[in-house]
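Novice: Chains as they are written, first to last, in the working numbering: chain Y, 1 to 332; chain L, 333 to 566.
If you are wondering where the hints come from, they were derived from the structure by calculation, not from laboratory data.
Any given hint could be a false lead.
Below, in silico cross-link-like pairs of lysine to any residue (SDA-like), each with a Cα-Cα straight-line distance of 20 angstroms or less [said to hold, decoys possible]:
#, chain 1, residue 1, chain 2, residue 2
1, L, 518, L, 406
2, L, 376, Y, 274
3, Y, 232, L, 553
4, L, 400, Y, 233
5, Y, 5, L, 399
6, L, 518, L, 356
7, L, 543, L, 553
8, Y, 5, Y, 272
9, Y, 274, L, 463
10, L, 551, L, 365
11, Y, 232, L, 433
The following label-pair restraints were derived from C-beta to C-beta distances [what the hints assert, rightly or not]:
#, chain 1, residue 1, chain 2, residue 2, range
12, Y, 193, L, 401, 44 to 50 angstroms
13, Y, 224, L, 394, 35 to 41 angstroms
14, Y, 110, L, 464, 55 to 61 angstroms
15, L, 538, Y, 224, 23 to 29 angstroms
16, L, 464, Y, 181, 50 to 56 angstroms
17, L, 393, Y, 154, 50 to 56 angstroms
18, L, 402, Y, 274, 28 to 34 angstroms
19, Y, 15, L, 383, 49 to 55 angstroms
20, L, 464, Y, 53, 39 to 45 angstroms
Just so it is clear, the structure is predicted and the values come from calculations on it, not from any experiment.
Each residue gets a CB set at the ideal place from its N, CA and C atoms; glycine is no exception.
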Amino acid sequence: MKNTKRLNWFLIGSMVIFPLMAYFHLSIGEIQINFSDLKNSIFSYDAQNTAQLLAHEFRFPRLIMACVAGAGLSLAGMLMQTLFNNPLAGPYVLGVNSGASLMVAISLLTGIQFFGTNLGLISAALIGAFAAGMLMMSVTSFLKSQVSLLLVGLMFGSFTSAIVSFLEVSSKAEQLKSFTLWSMGSLQNVLLEQIPLILFFFLIGIVLSALIVKPLNLLVIGENAASLLGIKIQQTRIVILVITALLTGLITAFCGPIAFVGLAVPNITRILLKTQNHSQLILGNLIIGSTFLVACDTFIQYLESSVQLPINVLTSLIGAPFVIIVLIRRTK
Amino acid sequence: MIRFQQIQIGYKHSLISIDNLELESSAIYALVGRNGSGKSTFLKTITGQTSLLGGNLEIDFRSSKEVKADELSRIISFVESKFDGVSFLSVENYLALGRAPYTNALGRLSTKDWAIVHEVAEEMGLTQFLEKDTINLSDGERQLCAIARALVQQTPILLLDEPTAFLDYANKQLLMDKLLHIAKEKQKCIIFSTHDLDLCIENKIEFIALKNKTLEKAKGFTKLELISLLEEKG
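Isolated chain Y (complex conformation) (with noise of 0.2 angstroms):
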C-alpha cells in the first residue's frame, strides 16, 4: 500500500517538472518565443508570423521528437533489463542501435536506391534493429554470466562500426556528409508531416508492453521460476524483441544513435518508484525517459547560439558514469 502513496507522489512531481521543461524547451534558443505565440502557433496559427512559424514548424516537432525517443528508449532498455534479468542492459550496450546504425549506413552510404527514400531509411534500421536483437538473444543461450553478454554486446558495437568506417572511407564525399549529420545523433531533423508516424509506432510499442506485464513482473524472479508459473517464455521473449527492435528502430532512424537514455532511466525509475510491479514502471519510464531528454535538448538548444552539441554527445557525458556507479553499486 505504501507503494501507491510513493506512485501519487511521483506523478503529482512529474505534473509540475515535465510542463516546466516542455516550455523550456519550446521557449529557450537562439531565437526566443513567449507563451502567446506558442499558444496562437496550435489555436490560431499564422503562418506570417515567424515565431509562430518556428513553434509550429520545428519546436513542437522537435519537442513531441524528443519526448518519444526519450520515452521510447527507456521503455526498450527496461524491457531488455528485465528479459536479461541485467540492470546495465540497454539498447545501446546490446548492440541493437548498432544494428540499426549499420543499416543506416549501408543504405546512406552505399546509395542502393530502394533504401535512398524515407521510408526506405526507417525500414533499414528497423531490419538492422531487429537482426541485432535477434542475434542478441540467440547468443544469451550460450553465455553463462551476464558480463559476457555485455561483453558481447560491445564486441558487436565495435564490429559494426568497423564496416561503418571501411564504407565511410570508401564512399562519394555527398553521402559521407549526409550520413555524419545522421550519425551525429540530433532531434531537430523530424518534419511535421513524419510526427503522425512516429507516435504510431511509440504507440505499438507502449500498447505491446502493457499487454505482457504479467510476464514481466514474473522474469524478475528468473526464466525458470518465471515458466514454472505457467509463463511462456518463449512468446514473451519474440513480444520484448519485437517492441525494442521497433523503437529503437525508429527512434535510430530519425535521431540517429542516441547512447545511455535506455539504460540509466530505467535504473533511475525503480530507484525512485521502488517497485518491480512493471505496471507502475512501464508509467515511469515513460515519464522519466521524455522528461530527461527534453531536458537534455533544452541545454542543447540553450548552447545552440555558441555550440552545435550533437544529443549523443551529452547523453553520453552523463550516461557514461552512471554506468560506472551502478556497477560500483552492484559489486558492493
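Since the structure of chain Y is provided, determine the placement of chain L on it from the hints.
Specialist: Coordinates of chain L only, in the frame set by chain Y:
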C-alpha cells in the same frame, strides 16, 4: 500422487530408468545421490522441463502427456536451491507472484488471492517481513520466503532443489520442521534433493536413492548403509 512406470529419462541416451515407483501425498521424500547422478534431471522430468524418452508418468492421477503447461503450474510448485532476492521486490509482492497461475492476463490479484498470501506468510512466520525488500533478508529467511512463494501456489506437489544447501544448522532443522508440518497438514507430496544425510535420518525422512542409473526407495537405513548404497557400482 506421482507414478513412474517403465520410465526412461535422459537427453539423447537414457540417464535414469525407473521400472515402478510411486510417491504418495502427505509424504516427504529426500532425493539423494552422488554429484552428477541426475537428481536435477529427475526433478526436471516431473516439472516437464525434460521430456521422457519412454514410459508412462502419472501426475495427480493423470498421464503427464495430457497435462498442459499452464495446468502444471497449478499442480507442481518448484523451489530453486537459492533465491538471491531482487532489489525493490518486497516479500509481500514476491509471495504474490505465486498466485500467477490463478490470475488473469493482467496478473491482478483478487482479495481472495491476497488473503491466501497473508495466510501463508503467517504460517511461515514471515508476517513481520512483508514490507521488507527481498535482498535485505538473511539466507534462511529468504529460503523460507521461497518456500512460502511455492505454498501460495497451492499445488498438491512441492519440489525443492537442495533447499538446505546454503543454510546453517539451526535453519536446516527449522526448514525440516516446516516441510514435515506442511506435508502432513496440507496433504502435499514433497520431494527435495539433498546431501544432508544426517539431517534426513534424524528426522526419519524416507529416502529415494539415485544410483546405477536407477531409483529405489530406502527407508530406515543408517548413514553407513546409505553411503555404501550410493557408492555401489553396477
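Novice: Are residue 376 of chain L and residue 274 of chain Y close enough, with their CA atoms no more than 20 angstroms apart?
Specialist: violated (34 angstroms)
Novice: Determine whether the Cβ-Cβ distance between residue 15 of chain Y and residue 383 of chain L falls within the hinted range of 49 to 55 angstroms.
Specialist: Roughly 53 angstroms apart at Cβ, these two residues keep to the hinted range, so it holds.
Novice: Verify the proposed pairing of residue 5 of chain Y with residue 399 of chain L, using a straight-line Cα cut of 20 angstroms.
Specialist: violated (42 angstroms)
Novice: Lying within 28 to 34 angstroms: is that true of the beta-carbon distance residue 402 of chain L to residue 274 of chain Y?
Specialist: holds (31 angstroms)
Novice: Hinted pair, alpha-carbon criterion (20 angstroms max): residue 518 of chain L, residue 406 of chain L. Please report holds or violated.
Specialist: Given that 20 angstroms is the threshold and the Cα spacing comes to 15 angstroms, the pair holds.
Novice: Regarding the pair residue 518 of chain L and residue 356 of chain L, is the alpha-carbon distance no greater than 20 angstroms?
Specialist: Roughly 13 angstroms separates the two Cα atoms, so the pair holds.
Novice: Holds or violated: are the alpha carbons of residue 232 of chain Y and residue 433 of chain L at most 20 angstroms from each other?
Specialist: Given that 20 angstroms is the threshold and the Cα spacing comes to 12 angstroms, the pair holds.
Novice: Check the following: the C-beta atoms of residue 193 of chain Y and residue 401 of chain L are separated by a distance inside 44 to 50 angstroms.
Specialist: Roughly 47 angstroms apart at Cβ, these two residues keep to the hinted range, so it holds.
Novice: Are the Cα positions of residue 543 of chain L and residue 553 of chain L separated by 20 angstroms at most?
Specialist: holds (15 angstroms)
Novice: When you check the alpha-carbon spacing of residue 274 of chain Y and residue 463 of chain L, does it fall within 20 angstroms?
Specialist: holds (12 angstroms)
Novice: Hey, residue 5 of chain Y versus residue 272 of chain Y, does the alpha-carbon distance stay inside 20 angstroms?
Specialist: It holds: about 12 angstroms lies between the C-alpha atoms, which stays within 20 angstroms.
Novice: Does the Cβ distance between residue 224 of chain Y and residue 394 of chain L fall inside 35 to 41 angstroms?
Specialist: violated (24 angstroms)
The structure does not agree with the numbered hints 2, 3, 5, 13, 20 stated previously, though it agrees with the rest.
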